[in-house]
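Kindly generate the complete structure, drawing on both the sequences and the hints.
Just so you know, this note's numbering puts 27 at position 27 of the sequence shown, and the rest follows in order with no gaps.
Hints are computed from structural coordinates only; laboratory data are not their basis.
Remember, predicted model here, so these are calculated numbers, not experimental data.
We put the beta carbon where it would ideally sit given N, CA and C, even for glycine.
It is possible that some hints are incorrect.
So the derived label-pair ranges between C-beta atoms look like this [said to hold, decoys possible]:
# : residue 1 : residue 2 : range
1 : Gln7      : Arg53     : 34 to 42 Å
2 : Val71     : Trp43     : 17 to 25 Å
3 : Ser4      : Ala75     : 15 to 23 Å
4 : Asp78     : Glu55     : 24 to 32 Å
5 : Ser49     : Leu6      : 31 to 39 Å
6 : Trp43     : Glu18     : 32 to 40 Å
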Amino acid sequence: ANLSPLQTTHEHLGEYAEIGLRTLCLAYKELSQDEFETFNKKWYEASLSLVARDELQGEIAAELERDMLLVGATAIEDKLQDGVPEAI
Numbered sequence: 001a002n003l004s005p006l007q008t009t010h011e012h013l014g015e016y017a018e019i020g021l022r023t024l025c026l027a028y029k030e031l032s033q034d035e036f037e038t039f040n041k042k043w044y045e046a047s048l049s050l051v052a053r054d055e056l057q058g059e060i061a062a063e064l065e066r067d068m069l070l071v072g073a074t075a076i077e078d079k080l081q082d083g084v085p086e087a088i
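See below:
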């Protein structure tokens with residue numbers, strides 16, 4: 001099959017997840033100075049919030065994390081710490 005890089009990466013992520021690996025996608029996008037300054041101002045204002053700071057910053061990050069260019073994906077084995085299986 002002649003798959004696109006996106007399709008190939010998607011297949012790899014599925015394979016990694018099936019064997020229990022923690023997956024991570026790597027992507028980027030270039031920002032203009034204005035885009036960065038707008039993001040940075042919103043992020044700073046959200047960081048000062050005493051209510052729902054994490055949610056506000058999550059929304060701001062989600063706005064920025066659109067239309068990114070996929071670089072690739074990776075996976076690692078994420079072993080449980082000692083004592084965790086017994087605690088579960």
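Problem set entry | Hint check, failures only | Hints that this structure does not satisfy do not exist here, as all of them hold.
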